[in-house]
Each structure stands twice: as C-alpha cells, then as structure tokens.
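Taken in sequence, the protein lines are chains D and R. Count along the first sequence starting at 1, add 432, and that's the number in the numbering used here. Count along the second sequence starting at 1, add 646, and that's the number in the numbering used here.
Simulated from the structure, these hints should not be mistaken for laboratory data. Remember, it's a predicted structure, so these values are computed and weren't measured experimentally. The C-beta atom is built at its ideal place from N, Cα and C for all residues, glycine as well. A few of these clues could be false.
To be clear about the criterion: a stretch of chain D counts as covered by chain R if any three or more of its residues have a C-beta under 8 Å from a C-beta of chain R, and this derived list gives those stretches [to be verified]:
{"no.": "1", "region": "478-488"}
{"no.": "2", "region": "532-539"}
No farther apart than 25 Å at their CA atoms in a straight line, the calculated lysine-lysine pairs in the PhoX-like style are these [stated by the list, open to error]:
{"no.": "3", "chain 1": "R", "residue 1": "Lys649", "chain 2": "D", "residue 2": "Lys474"}
{"no.": "4", "chain 1": "R", "residue 1": "Lys703", "chain 2": "R", "residue 2": "Lys717"}
{"no.": "5", "chain 1": "R", "residue 1": "Lys716", "chain 2": "R", "residue 2": "Lys701"}
{"no.": "6", "chain 1": "R", "residue 1": "Lys659", "chain 2": "D", "residue 2": "Lys474"}
{"no.": "7", "chain 1": "R", "residue 1": "Lys649", "chain 2": "R", "residue 2": "Lys716"}
{"no.": "8", "chain 1": "R", "residue 1": "Lys703", "chain 2": "D", "residue 2": "Lys434"}
{"no.": "9", "chain 1": "R", "residue 1": "Lys701", "chain 2": "R", "residue 2": "Lys649"}
{"no.": "10", "chain 1": "R", "residue 1": "Lys717", "chain 2": "R", "residue 2": "Lys701"}
{"no.": "11", "chain 1": "R", "residue 1": "Lys664", "chain 2": "R", "residue 2": "Lys716"}
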Amino acid sequence: QKEVEQDPGPLSVPEGAIVSLNCTYSNSAFQYFMWYRQYSRKGPELLMYTYSSGNKEDGRFTAQVDKSSKYISLFIRDSQPSDSATYLCAMVTGNQFYFGTGTSLTVIP
Amino acid sequence: DVKVTQSSRYLVKRTGEKVFLECVQDMDHENMFWYRQDPGLGLRLIYFSYDVKMKEKGDIPEGYSVSREKKERFSLILESASTNQTSMYLCASSPPIGNTIYFGEGSWLTVV
Numbered sequence: 433q434k435e436v437e438q439d440p441g442p443l444s445v446p447e448g449a450i451v452s453l454n455c456t457y458s459n460s461a462f463q464y465f466m467w468y469r470q471y472s473r474k475g476p477e478l479l480m481y482t483y484s485s486g487n488k489e490d491g492r493f494t495a496q497v498d499k500s501s502k503y504i505s506l507f508i509r510d511s512q513p514s515d516s517a518t519y520l521c522a523m524v525t526g527n528q529f530y531f532g533t534g535t536s537l538t539v540i541p
Numbered sequence: 647d648v649k650v651t652q653s654s655r656y657l658v659k660r661t662g663e664k665v666f667l668e669c670v671q672d673m674d675h676e677n678m679f680w681y682r683q684d685p686g687l688g689l690r691l692i693y694f695s696y697d698v699k700m701k702e703k704g705d706i707p708e709g710y711s712v713s714r715e716k717k718e719r720f721s722l723i724l725e726s727a728s729t730n731q732t733s734m735y736l737c738a739s740s741p742p743i744g745n746t747i748y749f750g751e752g753s754w755l756t757v758v
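With the sequences and hints as input, model every part of the structure.
Quick look at the structure:
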C-alpha cells in the first residue's frame, strides 16, 4: 500500500464550479500536509500547508485535514481556466516527504 | 519568497556523457533534495542532503551522485547518462522544521 493515494483524474469542470481534490494516507505520523499546483513543464508551486485537523482558507482555496479518517482535501471555489493544472498533495514526517501522484484538472471556459 | 533556482531548464545530452545539474536556494535551508518526475510514477527521490558535505540516498540513487560543498548549492551528477534517465529533474529545499518543501522550475533532460 502506498503511503499517499491520490486519484489521478483527469478531472474536467466548467468555469465557476467548485472543485474538490482529495488524498488519503496511511501513516498516522504525518505532521504537515501540503498542496501544490503544477503547470505543464513547470515545477510544483506551493499553494497551502496545514498542520492540524480542520480547515484553512486562502482566497478561493480551502485545505481540509481529517486526521481521524486520514483524509485531506483541497477545495477550489469559482474555478477559473487558469486553475487548469496538476495538483499534488504532500505530507511529511521527520523530514521525509511523501507525495501523491497528482490529479490533472481542466477548467473549461 | 523562497527561491530555488535550477540553472539549466532544457538539456539534450548524448548517451555516456557526464551531466551536471545545478541548484541554488536563497533561504538558508539546511535540507535539499533531488527528485525525478515521470508520467504515472510521480516524484521519486534520488538523493537528499541535511547539511553541507552530507548526503543520503533516496529511493532511486543508481546512476546518480550529488555534491553539496556550500549550504545554498546542491548538484546532481549523472556519471554516464543513459536514455532511461530522460526525465524532468526537480531540486527542492526545506527548512529544518520540515513543515514544507519548495521546488525549483525543473530541468528537462533528454538523453539521446
């Protein structure tokens, strides 16, 4: 079993839709949880990171962590064509980072 | 903002050549990493370093070596490039608390 599981998609939504991206994990020792956005042929760009269970909001993005279920989510409100990218989740314990394989998102104008 | 700079964005090398990929970070981070990213396989750790002159093997170190002579600089070396090393290479750094990791723009290497 992989440490981090992420549905690869692809996911296609109309502009303005709410997008939900999810990852599950198996290691209860993970301490920090991150979401990255990666445009084609570019490096991953950090969107948000959280430490505890609950929600963290930044503009149109909300990161949610449920440690009891070992489940994290990223919600994108009012999605825009510029949100079209691959989204990766990541987790860390003791300087060891674990990544999902990424979900490809396309927002259709 | 954290800046991780990879000096070469696109390279084409011949089989058997020695290849150097350079990376510099400007946030005084102790931890630096080299990953390769391939479709369907995600990010795979090649090597990492927790301090100057220190290195640790990651999941796929075969065919690679690294050098960290200065805190801000971490180099990846392909001793004898092979076609199966054609990939995107990502350098990254993280602070000692390890609460997140920052990536460079990536180096696209094609070995012919």
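Going through the hints against the structure:
1. 478-488: Per the Cβ count (3), the hint holds.
2. 532-539: holds (count 3)
3. R:Lys649 x D:Lys474: It holds: about 14 Å lies between the C-alpha atoms, which stays within 25 Å.
4. R:Lys703 x R:Lys717: Distance of about 18 Å is within 25 Å: holds.
5. R:Lys716 x R:Lys701: This hinted pair holds, its Cα atoms lying about 13 Å apart.
6. R:Lys659 x D:Lys474: 20 Å, holds
7. R:Lys649 x R:Lys716: 16 Å, holds
8. R:Lys703 x D:Lys434: 20 Å, holds
9. R:Lys701 x R:Lys649: Judged against 25 Å, a Cα distance of about 21 Å means the pair holds.
10. R:Lys717 x R:Lys701: Between Lys717 of chain R and Lys701 of chain R the Cα gap is close to 12 Å, so the pair holds against 25 Å.
11. R:Lys664 x R:Lys716: 21 Å, holds
Checked against the numbered hints given earlier, this structure breaks none of them.
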